[in-house]
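Chemist: Residue numbers (this note's numbering), protein chains in the order written: chain C, 144 to 365; chain Y, 37 to 264.
If you're looking for bench data, these hints aren't it; they were derived computationally from the structure.
For every residue, glycine included, the Cβ atom is placed at its ideal position computed from N, Cα and C.
Hints may contain errors.
Said to hold, decoys possible - Ranges between beta-carbon positions, derived for each pair:
{"no.": "1", "chain 1": "C", "residue 1": "300", "chain 2": "Y", "residue 2": "249", "range": "46 to 52 Å"}
{"no.": "2", "chain 1": "Y", "residue 1": "66", "chain 2": "C", "residue 2": "149", "range": "35 to 41 Å"}
{"no.": "3", "chain 1": "Y", "residue 1": "259", "chain 2": "C", "residue 2": "298", "range": "57 to 63 Å"}
{"no.": "4", "chain 1": "Y", "residue 1": "158", "chain 2": "C", "residue 2": "157", "range": "18 to 24 Å"}
{"no.": "5", "chain 1": "Y", "residue 1": "90", "chain 2": "C", "residue 2": "362", "range": "43 to 49 Å"}
{"no.": "6", "chain 1": "Y", "residue 1": "217", "chain 2": "C", "residue 2": "308", "range": "39 to 45 Å"}
Claimed, not checked - With a straight-line cut-off of 25 Å between C-alpha atoms, the simulated BS3-like cross-links for lysine-lysine are:
{"no.": "7", "chain 1": "Y", "residue 1": "225", "chain 2": "Y", "residue 2": "73"}
{"no.": "8", "chain 1": "Y", "residue 1": "122", "chain 2": "C", "residue 2": "153"}
{"no.": "9", "chain 1": "C", "residue 1": "300", "chain 2": "Y", "residue 2": "137"}
{"no.": "10", "chain 1": "Y", "residue 1": "225", "chain 2": "Y", "residue 2": "171"}
{"no.": "11", "chain 1": "Y", "residue 1": "55", "chain 2": "Y", "residue 2": "137"}
{"no.": "12", "chain 1": "Y", "residue 1": "88", "chain 2": "Y", "residue 2": "73"}
{"no.": "13", "chain 1": "Y", "residue 1": "171", "chain 2": "Y", "residue 2": "190"}
{"no.": "14", "chain 1": "C", "residue 1": "163", "chain 2": "C", "residue 2": "153"}
{"no.": "15", "chain 1": "C", "residue 1": "153", "chain 2": "Y", "residue 2": "73"}
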Amino acid sequence: MYNAFLSLLKRDLRLAFRHKSEILNPLFFFVIVVTLFPLGISPEKQTLAEIGPGIIWVAALLASMLSLDSLFRSDFEDGTLELMLLSEYPLSVMVLAKILVHWLITGFPIILFSPLLGTVMFLSPDAIVTLMITLLLGTPILSLIGAIGMALVVALKRGGMLLSLLVLPLYIPVLIFSANAVGSSMAGLAISGQLYFLAAFMVFCLTLAPIATSAALRVSLE
Amino acid sequence: MSQEKKHQEKIPLGQKNIKGLFVSHLTCERGYRELFKDLSFELSPGQILHIKGENGTGKTSLLRILAGLALPVSGEVSFDGYDCRKYRSEYNEQIAFMGHKLGIKLELTPVENIRSHCELSIPRTEQEILDALEKVGLYGFEEMYCNQLSAGQKRRVALAQIMLTETRLWILDEPFTSLDVVGIGFFLKMIQQHVDNNGMVLLTTHQDVNLENCTTKYLQLPSGEITI
């Protein structure tokens with residue numbers, strides 16, 4: 144079972160590195176969306192520092208959601224998903240490997256780039272650290288919840304809009320607690336409550352999302 | 037069909053000393069249209085079941101139900117006396133499936149494709165994979181990406197993949213599509229070997245499959261009539 148997990152992890156990472164756009168596009172999207180706001184609203188330090196956490200988080204959320212297609216779409220189209228379903232190992236384990244790859248190629252680069260964007264938005268050094276922690280706890284949740292939605296719409300020809308309708312409402316708690324944590328840390332308030340919530344939510348999703356995703360995949364492929 | 041059905045009824049599902057695939061009273065619908073009804077047959081080790089029927093009579097749907105990918109409206113499928121739906125993982129261990137979509141990643145080489153597929157069941161060494169590729173006539177193409185291979189060559193990769201699975205029941209949906217005469221020859225030889233080793237094959241094809249020393253059953257859809 145461990146072998147199947149590792150094998151799928153290796154295969155998908157190899158595929159991602161052969162298709163560099165899968166890694167670079169969400170990242171560029173994230174950076175560009177964030178930089179649009181100073182241009183559109185105001186480049187003033189105070190305004191940007193105030194809206195910064197929310198903007199960075201909304202951009203991360205959209206970048207993660209728009210890249211969900213890479214999770215199951217190509218596997219569905221070339222039939223590897225069927226073969227995964229017919230493997231003797233639990234589908235949820237294999238799904239977890241795919242979700243982990245999705246996080247590694249979209250969530251992780253976003254975390255690495257976030258200090259730069261935090262600086263652009265005039266966040267304080269403390270707030271930038273908090274931003275990175277919230278992204279570390281929050282982006283896996285985005286991939287996990289997104290996988291359920293993607294599994295449900297994978298067989299539909301134009302599932303993109305439906306996917307965002309399914310997934311975005313579920314992202315709201317993550318957005319609220321994360322942006323609030325970064326804002327509080329700017330104001331010098333305690334943030335442990337928000338972080339604990341995010342951590343708990345992540346564990347919750349980590350436990351249940353793979354099971355829900357595999358059930359959704361079985362339904363979609365029928 | 038009536039004879040088959042009587043025979044089927046004699047063997048209760050869940051009896052453990054029986055070998056092979058048992059299908060009883062299977063009904064399938066697609067979009068409110070009934071494809072076939074009350075389909076019953078059995079497939080014992082060393083036998084081939086060739087499913088025949090015009091386009092749209094439910095050949096692919098039947099194979100997908102038998103592989104556990106789709107649900108029938110009613111009916112049961114059991115393997116060695118076990119209900120396939122209840123013992124999914126055990127059943128999956130016994131079957132190899134080749135559908136219209138081959139399950140080949142275009143951005144990977146044949147070797148990488150086969151390796152990662154085998155690691156979902158029995159991991160294979162590099163040498164075993166290369167041998168299998170040589171057997172299906174892909175010597176020299178191991179390091180090419182699959183998107184540079186022709187449709188027939190991709191099918192040969194899938195063929196090598198099935199060869200290495202060591203499963204007892206092969207479910208093949210139009211396996212000879214886009215293969216040339218030589219490729220079909222390879223495939224028939226593999227099927228022959230598999231059946232000689234007490235394997236079972238379920239396939240749909242418009243081609244004639246004539247193999248030596250083995251029982252080939254024909255299932256006609258949608259009537260469900262079985263001839264040998």
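Chemist: State for each hint whether it applies.
Modeler: Cross-check of the supplied hints:
1. C:300 with Y:249: 46 to 52 Å: Hint holds: Cβ distance 47 Å, inside 46 to 52 Å.
2. Y:66 with C:149: 35 to 41 Å: holds (38 Å)
3. Y:259 with C:298: 57 to 63 Å: Given a distance of about 31 Å, which is not inside 57 to 63 Å, the answer is violated.
4. Y:158 with C:157: 18 to 24 Å: holds (21 Å)
5. Y:90 with C:362: 43 to 49 Å: Since residue 90 of chain Y and residue 362 of chain C have Cβ atoms about 29 Å apart, the given range 43 to 49 Å is violated.
6. Y:217 with C:308: 39 to 45 Å: Violated, at about 51 Å.
7. Y:225 with Y:73: Between residue 225 of chain Y and residue 73 of chain Y the Cα gap is close to 34 Å, so the pair fails against 25 Å, i.e. violated.
8. Y:122 with C:153: violated (31 Å)
9. C:300 with Y:137: holds (17 Å)
10. Y:225 with Y:171: holds (11 Å)
11. Y:55 with Y:137: violated (29 Å)
12. Y:88 with Y:73: holds (15 Å)
13. Y:171 with Y:190: Roughly 14 Å separates the two Cα atoms, so the pair holds.
14. C:163 with C:153: holds (15 Å)
15. C:153 with Y:73: violated (44 Å)
When held up to the earlier numbered hints, the structure conflicts with 3, 5, 6, 7, 8, 11 and 15 and fits the remainder.
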